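Novice: Could you build the full structure based on these sequences and the hints that come with them?
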Amino acid sequence: MIQIEDVSFRYSNSKDDALEHINLHIRQGEFVVLVGSSGCGKTTITRLINRLVPEFFEGKLEGKVYIDGQDTSDLDIQDLAGIVGSVFQDPRSQFFATDTTAEIAFSCENVGLPREELCRRIEKAANDLQINRLLERSIFELSSGEKQSVAIASVYALSPKILVLDEPSANLDTSATKRLMAILDVLKKRGYTIVISEHRIHYLKDIADRAILIEHGKIKREISREEFQKLSNSDANEMGLRSMNLLSIKPHPFDFLKKGNDFVCLDRISYRYGKNDVILENVEISAARGDVVGIVGHNGVGKSTLLEIVCGLKKEMGGSFLIDGKPASPKIRNRDTFLVMQNSDYQLFTESVEKELYLGSGKDQALRQKGLALLEKMGLSDYLQQHPASLSGGQKQRLCIAVACMKNTDVICFDEPTSGLDYISMKNVSSLLHDLSEEGKVLFVTSHDYEFLLSTCTHICHLKLGSVADYFEVKEETAHQIYQILF
Amino acid sequence: MNTRIHHLPELDPRMKLLLVVFFASVTFSAPNILALIWIYFLVIILYLARGLWRGAKKAGILFTVFLLLNLLLSFAPESGAAAGIGMILFMLERIVVFFVMGAWMGSHLRVSDFVTAMQNMHVPKGGTIALAVAFRYIPTVQDEFRSISNTMKLRGIGLNTKNILLHPLRTCEYAVIPLVIRSMTIADELAASAMTRGLDLETKRTSYRDVRLRPRDFLATGVIVIAVFGGLAVNIILEKGGL
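Respectively, the protein sequence lines represent chains X and L. All the letters of the first sequence, read from the start, carry residue numbers -1 to 485 under the numbering used here. All the letters of the second sequence, read from the start, carry residue numbers 5 to 247 under the numbering used here.
Any given hint could turn out to be false.
[Stated by the list, open to error] Where chain X lies over chain L, by a calculated footprint (3+ residues, C-beta under 8 Å):
| no. | stretch |
| --- | --- |
| 1 | 71 to 84 |
| 2 | 139 to 145 |
| 3 | 177 to 189 |
[Said to hold, decoys possible] Here are the simulated lysine-lysine pairs, BS3-like style, with alpha carbons at most 30 Å apart:
| no. | chain 1 | residue 1 | chain 2 | residue 2 |
| --- | --- | --- | --- | --- |
| 4 | X | Lys186 | X | Lys218 |
| 5 | L | Lys157 | X | Lys375 |
| 6 | X | Lys329 | L | Lys61 |
| 7 | X | Lys329 | X | Lys368 |
| 8 | X | Lys273 | L | Lys62 |
[Said to hold, decoys possible] Restraint ranges, calculated between C-beta atoms of paired labels, are given here:
| no. | chain 1 | residue 1 | chain 2 | residue 2 | range |
| --- | --- | --- | --- | --- | --- |
| 9 | L | Leu170 | X | Gly110 | 56 to 66 Å |
| 10 | X | Gly272 | L | Gly130 | 40 to 50 Å |
| 11 | L | Glu193 | X | His250 | 31 to 41 Å |
| 12 | X | Val109 | L | Glu193 | 14 to 24 Å |
| 13 | L | Leu170 | X | Tyr271 | 26 to 36 Å |
| 14 | L | Glu193 | X | Asn297 | 20 to 30 Å |
| 15 | L | Phe103 | X | Gly110 | 31 to 41 Å |
| 16 | X | Ala286 | L | Ser111 | 44 to 54 Å |
| 17 | X | Cys117 | L | Leu223 | 27 to 37 Å |
| 18 | L | Gly90 | X | Gly438 | 33 to 43 Å |
| 19 | L | Ile168 | X | Ile205 | 49 to 59 Å |
For the record, the hints were derived by calculation from the structure and aren't laboratory data. Remember, predicted model here, so these are calculated numbers, not experimental data. Glycine is no exception: its CB is placed at the ideal position from the N, C-alpha and C atoms.
Specialist: The structure is reproduced here in structure tokens:
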């Protein structure tokens, strides 16, 4: 079905080859997982298949790619629309319509199917993927998981032969990932050829026919179905992949004995939208210096709202907020806290890494020293004069953390810091958070990344129906409890 | 959770575009403040007619601010500076109608219907796609902007009166740069996704919704155009009578 023959590719703005002499044959009906750490070239291979490389992302291509027996160098991206369906990482930026039904119809409209056929296809897609309840909805009220289902339905409606998915689970929580897995299972049973690039592999364990490990643009190893299922956590981690068997992950050993006084206290904090729409009700949290509090719970339970309240971006409607024993108004919290968002693009304002660091603070000798030391620690010293927009996602995130440290606040919040991160980057974030914790800062982290929560947090705060359902220390005995909350 | 989209009888996208262009051009020929108020009023009526309460409120506030500024300026002693500011205000309070009407068209716009409608008018596809992406992006911008202004607050460069008055240019720059960078990424991803789904195929596009001009589209548009001209005519007659 897919033949990639000795393909090398270099993006036109890059000095290094993204792919080197790739040979890959994928049979009809096969389910192939491309694995490897970020930047290894697995996304580029998916782009070869839908021809975004070299047509949309330009560069120098050598070798041949055949899709369904046709040489793709004779074809355009749009000619492949009926053969290859593509689903991307960020469900927010792949929607063209503003309501779900129109979105599912979109590909079919483009190829000019008659209206009766269109309606039939929409119905079939919704039935087969069991998303009838999502029809005729505004896309702005869907969760990321629901959006991803609609995105798959949209390409499914055109009934292509091949489905290419680029890290589809990166923005999904665990229950949405489960649903994604169920949909992929349906597609596989219907004989679709599926190629998926991922580093979160635990949900693909039982469905993958074969995995291809990519390293530095080369195929390092082919992993058969049996080997893939038996892959141990340490093997997976060594390849830059997330752990395969979540239940055997051990929590980070913390020293709970040196527990100090409560530094941040949320006392019966409540928040509502409008008059009746209760988001948070009587939330009580106390955290001491050095605590890393993981906030978990289902989508829409108010995790992000809670972080915004901690940072004073939203004003609580009831209850009181104390920092170091003193009442802290939202204005004081604005000054004394920082929020590292999921997407760093919103957080960087200037034209160089250096200026970014000193924005909003002075620039005396002591601060300079501190800034340079921070950049050194974050591995950003070589990028002092670079534009923040030219950094990689992980580098931008570390720059944001450096900015937070420059602000010299005692409370730092992180919103989903590891969505889409491979094993090594996740570990790096985790150890940065440990360092901050050791300096005596209080950290609040929202996440549904089980592996990250276990290796990072000292406490777990389980939000349910707007209040704290559970608050406990992370230890070996409680690991199972966290697993049950998330899965 | 299960709120379904209301299928109000909506005006055809072509007529909406026509109204945007019409309002933008007629505002520039508005001879005086009374005519401008009349146009502002009709714009708000258009928002209300589509059930866009929030949009109507925002437009109302924006228009009121402009009118108040106008009033304020009329008390200022005559001078070069006042004349200069007056000139800028004159331009701004007219340009704003174009943007407010653009937002009116963009909110709840069914982008795929828009593309089909443009195709039926034989507009070249390149232009249509650019416009469609722009309209699709408007609702997203609001979300993005909220995140940006939140961060600005935390970094002590917030969009508050003090910063805007003391460092107007710099504050503006801080607000705009992340938005531009973010927009470029999103536009790129959106374009890649649209291409893999055949948006620029040469075949004639179909639409699962019925997109065509009905008599009521012409009627509604006609009524609005007549209302605008009618108001302007009354205004001119009043002015003549006043002389």
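Novice: Hints first: check each against the structure and report whether it holds.
Specialist: Tested hints:
no., hint, verdict
1, 71 to 84, "violated (count 0)"
2, 139 to 145, "holds (count 3)"
3, 177 to 189, "holds (count 7)"
4, Lys186/X / Lys218/X, "holds, 26 Å"
5, Lys157/L / Lys375/X, "holds, 26 Å"
6, Lys329/X / Lys61/L, "holds, 28 Å"
7, Lys329/X / Lys368/X, "holds, 26 Å"
8, Lys273/X / Lys62/L, "holds, 21 Å"
9, Leu170/L / Gly110/X: 56 to 66 Å, "holds, 57 Å"
10, Gly272/X / Gly130/L: 40 to 50 Å, "holds, 43 Å"
11, Glu193/L / His250/X: 31 to 41 Å, "holds, 35 Å"
12, Val109/X / Glu193/L: 14 to 24 Å, "holds, 22 Å"
13, Leu170/L / Tyr271/X: 26 to 36 Å, "holds, 34 Å"
14, Glu193/L / Asn297/X: 20 to 30 Å, "holds, 22 Å"
15, Phe103/L / Gly110/X: 31 to 41 Å, "holds, 35 Å"
16, Ala286/X / Ser111/L: 44 to 54 Å, "holds, 48 Å"
17, Cys117/X / Leu223/L: 27 to 37 Å, "holds, 29 Å"
18, Gly90/L / Gly438/X: 33 to 43 Å, "violated, 57 Å"
19, Ile168/L / Ile205/X: 49 to 59 Å, "holds, 55 Å"
Hint check: violations occur at hints 1, 18; the rest are consistent with the structure.
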